[in-house]
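Participant: Keeping their order, the protein sequence lines are chains F and H.
Residues in the first sequence are numbered consecutively from 546, following the numbering used here.
Residues in the second sequence are numbered consecutively from 6, following the numbering used here.
Bear in mind the hints are in silico, worked out from the structure with no lab data behind them.
These numbers come from a predicted model, not from an experiment.
Honestly, I wouldn't trust all of these hints.
Using 30 Å as the maximum straight-line C-alpha spacing, the simulated BS3-like pairs for lysine-lysine come out as follows [unchecked claim]:
| no. | chain 1 | residue 1 | chain 2 | residue 2 |
| --- | --- | --- | --- | --- |
| 1 | F | 576 | F | 784 |
| 2 | H | 147 | F | 556 |
| 3 | H | 147 | F | 922 |
| 4 | F | 825 | F | 925 |
| 5 | H | 75 | F | 825 |
| 6 | F | 892 | F | 916 |
| 7 | F | 823 | F | 707 |
| 8 | H | 147 | F | 823 |
Derived list of chain F stretches under chain H, where covered just means 3 residues or more per stretch with a C-beta under 8 Å from a C-beta of chain H [to be verified]:
| no. | segment |
| --- | --- |
| 9 | 775-787 |
| 10 | 802-810 |
| 11 | 853-867 |
| 12 | 909-922 |
If you only want the chain F side, here are some residues facing chain H, beta carbon under 10 Å, derived [as the list claims (entries may be wrong)]:
| no. | residue |
| --- | --- |
| 13 | 617 |
| 14 | 639 |
| 15 | 679 |
| 16 | 937 |
Here a beta-carbon is modelled for each residue, glycine too, at the ideal position from N, C-alpha and C.
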Amino acid sequence: MKALCWEGVNKLAVERVPDPQILNDQDAILKVTLTTTCGSDLHLIGGYIPTMKSGDVIGHEFMGEIVEVGSGVRRRKVGDRVVVCSFIGCGRCWYCTHDLWSLCDNTNTNWELAQEIFGFETGGVYGYSHAMGGFKGSHSEYIRIPFADYGTFPIPDGVSDKDALYASDAAPTGWMGAHLGGVKSGDIVAVWGAGGVGQMAARSAQILGAERVIVIDWLPERLAMVERYIDAETIDFSKIDVDAELRERTGGRGPDVCIEAVGMEAVSVPDGQYAYDKVKQQLRLQQERPIAVREAIYSCRKGGSVFILGVFGGLADKFPLGPMMNKGLSVAGAQQHGHRYIPMLLKRIANGEMSARHLATHEMSLDEGPKGYDIFKNKKDGCVRVVFRPHG
Amino acid sequence: MKRIVGGLGLLAAGMGVVRWLSSRPSEITRDRTPRNRWIMVTINCAPQRLASRADLPEPITRLGDAVDIKICPAPGDRGTELGARLRDFPRTRISGITTRNMDDDPRRMVEEALRHAKSLIETGEVLRPDWPPSTHPTPAGKLLELAGRRGGRL
Chain F
546 MKALCWEGVN KLAVERVPDP QILNDQDAIL KVTLTTTCGS DLHLIGGYIP TMKSGDVIGH
606 EFMGEIVEVG SGVRRRKVGD RVVVCSFIGC GRCWYCTHDL WSLCDNTNTN WELAQEIFGF
666 ETGGVYGYSH AMGGFKGSHS EYIRIPFADY GTFPIPDGVS DKDALYASDA APTGWMGAHL
726 GGVKSGDIVA VWGAGGVGQM AARSAQILGA ERVIVIDWLP ERLAMVERYI DAETIDFSKI
786 DVDAELRERT GGRGPDVCIE AVGMEAVSVP DGQYAYDKVK QQLRLQQERP IAVREAIYSC
846 RKGGSVFILG VFGGLADKFP LGPMMNKGLS VAGAQQHGHR YIPMLLKRIA NGEMSARHLA
906 THEMSLDEGP KGYDIFKNKK DGCVRVVFRP HG
Chain H
6 MKRIVGGLGL LAAGMGVVRW LSSRPSEITR DRTPRNRWIM VTINCAPQRL ASRADLPEPI
66 TRLGDAVDIK ICPAPGDRGT ELGARLRDFP RTRISGITTR NMDDDPRRMV EEALRHAKSL
126 IETGEVLRPD WPPSTHPTPA GKLLELAGRR GGRL
């Protein structure tokens, strides 16, 4: 079958790869209908997450139709139209049964490698490096889905493929940031990053009762999208001092909850700190450019909450430990516990309360995968997300 | 040539400083002798599910008399702790190092058996890696495979 493969730093190619097989009784095979780019793919493509191998199939946010099930699959059948959580959860370990699905004990088949990096392994993820299980990604015609009863979610009638697509990752990740960040009625919430996850975090904060939501970015088309589709306030950090602006808009207190939805390749106004971070990262002396995390911790109100949704891979330099401790902040982060939220989000998508289809600014065939990622990475033509149709 | 000599000189000086620092008496000393620790997993099941050795799944029973087994309730709602410890443990650091990167490292085998047992009890299967692979052999890929096989902390 055809798939989009990582072939080295900043090298992608459409290749023929072996068809997926049922390898465990609880597996299913999915015919991929839609699969989308995600900002976290760029960390893999750029070589910032070092456990990739030449030929790895990328992609982790997708939906499609089940075309084969293993003998142990009970709740899904051939023909079901489903969205798939990007993380793989077994559904029965302590972490899964406590709704911490991305920490599943039984789905990272490269647990030794992951333990070397993180101390303990995360659950497996589709198309996201060998430290995360080495599973083939969704930018392909077909994909194997382990523990299919738990990781696939039937799409309600009336919800289109494109409406359901972002329930795979962007929407549940954003919701988790607002939910586990502790957003409650009357809060002012600041979100760093106006990409797919940041926009979904902003919308989720509104639904959870935030009084005001402020989204920070510098790309005009994304800020315009936030104002138009999310109806949230914006700050263009390339023109305005973010910390001063947030103080002014929050009565001098700072936001109650700060959500970071940027990750390890954050950009900033060109100052000494940014140059320092960029040089160190390019020389592979550090993996992260945690600029948005630093800003969030500095700007958050005393006793507030910072939730990190952006992907980080290892060690960060100049982490503001002192401000975090002395201001009494609650700082947390997680990969998405999507299984916890996806059924609820599909209902909200069905009733129109949540919508993400506007994120799909570009649509292409899988053959155009390398071009799609070039547009996506370099933010050309107002690109927020590229959606691939593997079957045309 | 001068650069090489200079570099070697710096390296030697650096090693000397490290050696001097590490030889200084310190109040904190760590015993570096390898210990035959219990390798533990916590299984999300009631302790009654693993009431005796006979209740253990095949990956553990396959180890036979090579290991001691420990089963006890985990605190709170965390399930049951299952541990195994090698009866015949390589006592020297050298033997530990020589087996560390090899697939037949006995501690690695025990750790894998415990993980497989846990997965079988919790889910009924052991998840297999995607197969066949789509990757091509490269030097970097081989290094990655080696790192992935390390495990087995001593």
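Participant: Which numbered hints turn out to be false for this structure?
Facilitator: 1, 5, 6, 7, 9, 10, 11, 12 and 16
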